[in-house]
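Line by line, the protein sequences give chains A and B.
Position in the first sequence counted from 1, then plus 22, gives you the numbering used here.
Position in the second sequence counted from 1, then plus 95, gives you the numbering used here.
A portion of the hints provided could be inaccurate.
DSS-like, lysine-lysine: derived pairs with alpha carbons at most 25 angstroms apart [to be verified]:
no., chain 1, residue 1, chain 2, residue 2
1, B, 221, B, 451
2, B, 276, B, 334
3, B, 379, A, 246
4, B, 400, B, 221
5, B, 400, B, 258
6, B, 163, A, 246
The hints are simulated quantities; they were obtained by calculation from the structure and are not laboratory data.
These are the residues of each chain, in order.
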Amino acid sequence: MQLRRQEQLTGLLFALPYALGMLVLVILPLAAVWVISGTRWSLLDEPRWVGLNNYQRLFQDPGFYRSLGVTALFTIGILVLNISSALGLAVLLNQKLRGIGIFRTIIFSPVVMPVVAWALVWKFLLQPEGPINQMLAAAGTQGPNWLFEPSLALWLLVVIEVIKAVGLNAVIFLSALQGVPKEMHEAAVLDGTTPVQTFFRITLPLISPTVFLVFIVTLIGALKLFTPVFVLTGGGPAEATTTLILFMYKQGFSFFEFGYASAVAVVLFVVVLGLTVLQWNLRRRLVFYES
Amino acid sequence: MKRVLLALGALLAVGAASAQKEINLRFSTWAGGDGLALLQQLAKEYSDSNPRVNVAVEVTPFADYPRKVAIQVASGDAPDVGWLAERDVPAFLASNALVDLRPSLYADRNFDAADFPASALNLWRKGNGIYGVPFSNSPQVLFYNKDLFAKAGVPDPMTQYAKGTWDYAAFQKAADTIKEKTGAFGARVMRLDPRAWSSGTLAVLWSYGGGVYDDKFKCALDSDGSVRAFTLLHEMMFKSGSMPRPGDQTTFETGRMAMYMDNVSYSAQLRTVDFKWGIAPMPKGPSGRITQLGQAGYVVFAKSKYPKEATEFLAFLASKDVMARTARFFPPPRKSVLSNPAYLSSNPLIPAESLKVALVNQVTSAKVFLTTTNWPKANDVITSGLDRLYQPNANLKAVLSDICRQVDALQ
């Protein structure tokens, strides 16, 4: 009995550094955001308690709703483009061709590139008289001012982000595809299915747990995406790329309204949590588990 | 082992030395390069001659400066004394984050407050107090690429200024001709960062009789003068293409830009370029030659533990002698320094005569951009509005009226 207690104590001691780190670096700041969201605080002066005022103001702020709309479009764009192209690429990369390793490397390489460098390169390429428009001019057409065209900028960001991130998802899908038992495909072929039928009826259901994982991770990533947007457009042109997270940044670090910015952070937290719980519950119906 | 002991000994010695200093002052700045080296030298000189005080210089890049200082203030780790840029002054004043220097420094006879033109202190006043000392009072001047002007056969801005013909029409014509003859851009007015649009643009607006605000801080971006100024910029961007559109990253340093508006301190970045350049006064508009005066000042932060000692150190930095030394990088508003021939010949990159014409002669008609505490929000609205303004088919008056409606709604 005493030995067991001692073991328990040792176990607790081993877990303590992590638990403390988690408490100080994650849980306390998370709780602090909720508390700060009930204050008016410019950082330079003392915080003043205002209760739910920030939330009242937020739900009447047209800028908040605009950024919510931008976030929705942006997230849907990234989900659709990223997952469909990752899956397509994974299927292509799964072919047994000579030199396929080279293609796998090429598609994965943007993932390891630092995100700011990636964004700066694109910013340079997309200048009004930059390399891309010069190429277009040589081909006889005039390119737009890509990042300063309100109707274009958001979709451009989606494409740039997907090119950067798609490699990781493609690799995850690739490993899932390689886990699909060969005999299932063989049996299907013997039964006379077309390759398209095999993919949708056999492969996709078998890798659905992976699709689900990739979906959640990509969704949360898209909702929280900050750096490339900040570097490439800073939320412009004309607010067309001000996502919720940029809206929050602006309230805090440009306008010095940390209480209000924290209220936005809380709303973002609740949105992400809500979406994740929803998906978790839908998972039972949509995902096929072998066991 | 011996080495370890030596290192320990050295550490102890350092510890003992700093223990003798009772007061550690922290001086916060965004300076870099030779300007920073000079400030560090000054901090050392001050620490050496004041046995009780040790001054440490802390550097934060300009873009992060207000954020980082605000976070330091919030977390009880505020610097004692430091630089503050004009854009951040209203917010720091409104939050009572600065120490009033009027009863101490400005009352000191050695400081000689009368050496500062009254207008140079407007930015720093609140109620009866004065909360900072401007150390840099730099009008925007026109940098021009002599090679591109020669190549296009256009008389350079200094020559045209001497003849009295250097106005915005001549500016536009020169830029368009250079674009046509050399393929290089004629002029850049805005900075690369769209949020810093006001730097450069303001001088054009003011010279046309427009501006961001009128005297009562109502939006004046849709006034006739402002609309005419924006029309000039719009034409240069979209008709002749002599001005880069927003998003273009071409800078003056590349040699593919004939004219650029910035402070004299920008010359430090031109030390290694392989083309000839000069500085000239800004062009004249229908309402005069009104350039923007960029200001930065020394302040004592209200959360300082040693406000008295911090103010004494500030008095040292802002004294006539020391400002004469820092003037090489940061032209101060002190009349005694600016009129001194030693100052005019202190910048090895710019001939004294150009500096006199472009800088000193412009100071009298230059203006500091005064804003309200709402400026960060107004700037956000305007930046986003300018994205709609700088489109090929934009209706300037309509877009500007819409911006003004939003800016006035903030007040």
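Residue 276 (chain B) and residue 334 (chain B) were given as a pair; does the straight-line alpha-carbon distance stay at or below 25 angstroms? Holds, at roughly 16 angstroms.
Would the pair residue 221 (chain B) and residue 451 (chain B) pass a check requiring their Cα atoms to be no farther apart than 25 angstroms? Not satisfied, since the Cα-Cα distance of roughly 33 angstroms exceeds 25 angstroms.
Hinted pair, alpha-carbon criterion (25 angstroms max): residue 379 (chain B), residue 246 (chain A). Please report holds or violated. 48 angstroms, violated
So if I understand the rule, the pair passes when the alpha-carbon distance is 25 angstroms or less; does residue 163 (chain B) with residue 246 (chain A) pass? 23 angstroms, holds
For a C-alpha distance cap of 25 angstroms, please report whether residue 400 (chain B) and residue 221 (chain B) respect it. 23 angstroms, holds
Is it true that the CA of residue 400 (chain B) sits at most 25 angstroms from the CA of residue 258 (chain B)? At roughly 57 angstroms apart (the allowed maximum being 25 angstroms), residue 258 (chain B) and residue 400 (chain B) break the hint.
The earlier numbered hints that this structure contradicts are 1, 3 and 5.
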